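Engineer: Each position in the sequence shown, counted from 1, maps to that position plus 536 in our numbering.
None of these hints come from the bench; they were simulated from the model. Please read these numbers as outputs of a predicted model, since none were measured by experiment. For each residue, glycine too, the CB sits at the ideal point set by N, CA and C. Check each hint, because a few of them may be wrong.
Simulated DEER-style distance windows between Cβ atoms [stated by the list, open to error]:
no., residue 1, residue 2, range
1, S602, V574, 36 to 44 Å
2, E647, T553, 21 to 29 Å
3, A669, G645, 19 to 27 Å
4, T553, E580, 14 to 22 Å
5, Q608, D682, 34 to 42 Å
6, R661, S684, 21 to 29 Å
7, D544, A633, 19 to 27 Å
8, A664, R555, 42 to 50 Å
9, P715, V574, 18 to 26 Å
10, P612, A669, 41 to 49 Å
11, D682, E719, 33 to 41 Å
12, V574, G686, 13 to 21 Å
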Amino acid sequence: MAGPGPGDVVLRLAGITKRFGPLLANDAISFDLHRGEVLALLGENGAGKTTLMNILFGHYLADEGSITVFGQTLPPGSPKAALAHGIGMVHQHFTLADNLTVIENVMLGTEPLWHLGARQADGRRKLAELSEAFGLAVKPEARIADLSVGERQRVEILKALYRDARILILDEPTAVLTPQETEALFA
């Protein structure tokens with residue numbers, strides 16, 4: 537079966553509603569994301585953007601609504617299901633282990649721990665291919681603690697792409713970047 541073509545709907549949110557007690561964070565949010573499209577959610581602090589992204593990635597359960605990814609219903613409340621459906625998320629607050637290297641962080645969670653060392657050659661090869669394809673240069677052996685914030689964000693993006701993300705969610709992608717890093721991110 538062929539994958540989605542240009543312009544095809546790859547993600548559909550329908551009627552997503554989320555409440556936290558009396559607070560209505562998302563009120564019947566619906567939209568389609570088409571193949572090749574970049575979609576930005578804009579709003580003030582507290583408008584519910586991050587809540588919606590967390591619902592999409594399975595961190596939160598919606599009170600109402602549904603999500604369809606590449607024509608399949610996304611099981612709610614499961615980051616594992618989101619990853620399996622090709623959704624990757626780069627959080628505003630990074631989830632990297634400072635004491636590990638770039639390649640160790642990228643591979644962490646994709647292999648049993650005892651296989652990480654044995655599979656690093658394959659991991660480095662795949663990381664190099666992704667770095668080249670997306671223009672996200674990183675040094676695989678660099679320790680995360682030694683990287684700039686912009687470099688750490690590149691690692692987070694590559695980590696999602698390494699897991700075969702076809703839809704990439706960026707939460708506040710420029711909040712912690714310098715103007716030069718912001719320009720490089722969107723170049």
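Engineer: With reference to the structure, classify each hint as holding or not holding.
Structural biologist: Here is what the structure says about each hint:
Evaluation of the 36 to 44 Å hint for S602 and V574 yields a failure: the beta carbon distance comes to about 23 Å. For the hinted restraint 21 to 29 Å between E647 and T553, the CB-CB distance of approximately 38 Å leaves it violated. Under the hint 19 to 27 Å, the C-beta atoms of A669 and G645, about 22 Å apart, fit the expected range. Under the hint 14 to 22 Å, the C-beta atoms of T553 and E580, about 19 Å apart, fit the expected range.
Hint check: Q608 to D682, Cβ distance near 41 Å, so the stated range 34 to 42 Å holds. The beta-carbon spacing between R661 and S684, approximately 25 Å, falls within the hinted interval of 21 to 29 Å. Separation of D544 from A633 is about 37 Å and departs from the stated range, judged on CB atoms against 19 to 27 Å. Checking the proposed 42 to 50 Å range against A664 and R555 shows it holds: the Cβ atoms sit about 45 Å from each other.
Judged by the Cβ atoms, the range 18 to 26 Å given for P715 and V574 holds: they are separated by roughly 20 Å. For P612 and A669, the Cβ-Cβ distance of about 32 Å falls outside the hinted range of 41 to 49 Å, so the restraint is violated. A hinted range of 33 to 41 Å is violated for the C-beta pair D682 and E719, which are about 23 Å apart. Between V574 and G686 the C-beta distance comes to about 19 Å, which sits within the given range of 13 to 21 Å.
Comparing the model with each earlier hint shows violations of hints 1, 2, 7, 10 and 11; every other hint is respected.
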